[in-house]
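Q: Residues 95 to 302 in my numbering are what the sequence shown lists, from first letter to last.
Certain hints may be false.
Stated by the list, open to error - Ranges between beta-carbon positions, derived for each pair:
| # | residue 1 | residue 2 | range |
| --- | --- | --- | --- |
| 1 | D209 | L250 | 38 to 48 angstroms |
| 2 | Q236 | A186 | 11 to 21 angstroms |
| 3 | T138 | N201 | 10 to 20 angstroms |
| 4 | D209 | D128 | 19 to 29 angstroms |
| 5 | I232 | G108 | 15 to 25 angstroms |
| 6 | S260 | D154 | 42 to 52 angstroms |
| 7 | E97 | D154 | 32 to 42 angstroms |
| 8 | D296 | G108 | 29 to 39 angstroms |
Simulated from the structure, these hints should not be mistaken for lab results. Glycine residues also receive a C-beta, built at the ideal position from the N, C-alpha and C atoms.
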Amino acid sequence: MAEAIRIGIGGPVGSGKTRLLERLLPMFAAAGIDTAVITNDLMTDEDAQRVRRSGLIDPDRVLAVETGACPHTAIREDPSANLTAVARLEGAFPGLQVVLIESGGDNLAATFTSDLVDYWIFVIDTAAGDDIPRKKGIGMLQADLLVINKIDLAPLVGADLGRMRSDVEIARPGRASVFTDLGSGSGLDELFGLIVHGAMLDDMASAP
Numbered sequence: 095m096a097e098a099i100r101i102g103i104g105g106p107v108g109s110g111k112t113r114l115l116e117r118l119l120p121m122f123a124a125a126g127i128d129t130a131v132i133t134n135d136l137m138t139d140e141d142a143q144r145v146r147r148s149g150l151i152d153p154d155r156v157l158a159v160e161t162g163a164c165p166h167t168a169i170r171e172d173p174s175a176n177l178t179a180v181a182r183l184e185g186a187f188p189g190l191q192v193v194l195i196e197s198g199g200d201n202l203a204a205t206f207t208s209d210l211v212d213y214w215i216f217v218i219d220t221a222a223g224d225d226i227p228r229k230k231g232i233g234m235l236q237a238d239l240l241v242i243n244k245i246d247l248a249p250l251v252g253a254d255l256g257r258m259r260s261d262v263e264i265a266r267p268g269r270a271s272v273f274t275d276l277g278s279g280s281g282l283d284e285l286f287g288l289i290v291h292g293a294m295l296d297d298m299a300s301a302p
């Protein structure tokens with residue numbers, strides 16, 4: 095049995111990681127890609143419960159990892175709890191193709207180990223400040239795909255989107271990035287296309 099492709103989703107608290115999950119699940123379903131979800135947090139399964147209640151996926155396909163310690167460690171230094179959860183999902187759902195693994199809200203330095211994920215996404219948002227790309231956090235620099243979310247809020251918080259775009263290009267030359275408003279869905283099609291191509295899911299996705 096082939097192993098599922100594991101896609102990590104990380105980023106600071108409130109940047110839109112769970113919202114991204116909710117947006118991606120119908121798109122994976124429409125593309126015919128068999129998907130499951132793992133959420134990580136310190137001592138709660140709130141994000142997992144939110145995804146289960148969404149009606150976007152069979153609740154049995156959503157597992158929560160409660161780390162009991164720094165959730166960043168569970169995606170970086172010791173991914174064993176997540177790997178166990180992946181194995182549990184693969185055993186329960188033969189034919190599973192993709193597992194989306196959401197990190198607990200982290201800082202700009204948290205990264206996914208390649209032992210855990212095959213491809214990873216880092217989410218930041220304009221409301222947290224347009225200087226984030228200039229700070230060049232490790233997560234932002236090393237992620238396969240950078241998502242700059244909440245572009246609709248930029249005018250309200252005085253964030254300069256043009257400057258952010260320029261800073262992202264300087265910080266991540268030749269690497270994938272996309273500006274989104276996950277609330278309205280702006281940028282979502284481009285984002286999904288980048289994931290499908292970058293995570294090598296092209297052969298899995300059915301034609302629209």
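Q: Next, verify each hint and record whether it holds.
A: For each hint, the structure was consulted:
In this structure the hint that D209 and L250 lie 38 to 48 angstroms apart at CB holds, the actual value being about 40 angstroms. The hinted window of 11 to 21 angstroms between Q236 and A186 is violated, with their beta carbons roughly 32 angstroms apart. Under the hint 10 to 20 angstroms, the C-beta atoms of T138 and N201, about 19 angstroms apart, fit the expected range. Between D209 and D128 the C-beta distance comes to about 23 angstroms, which sits within the given range of 19 to 29 angstroms.
Checked against the hint of 15 to 25 angstroms, the C-beta distance between I232 and G108 comes to roughly 20 angstroms, which is consistent with it. A C-beta distance of roughly 45 angstroms is found between S260 and D154, which places it inside the suggested range of 42 to 52 angstroms. Hint check: E97 to D154, Cβ distance near 20 angstroms, so the stated range 32 to 42 angstroms is violated. Evaluation of the 29 to 39 angstroms hint for D296 and G108 yields a pass: the beta carbon distance comes to about 32 angstroms.
The structure fails hints 2, 7 (numbered hints given earlier, in ascending order).
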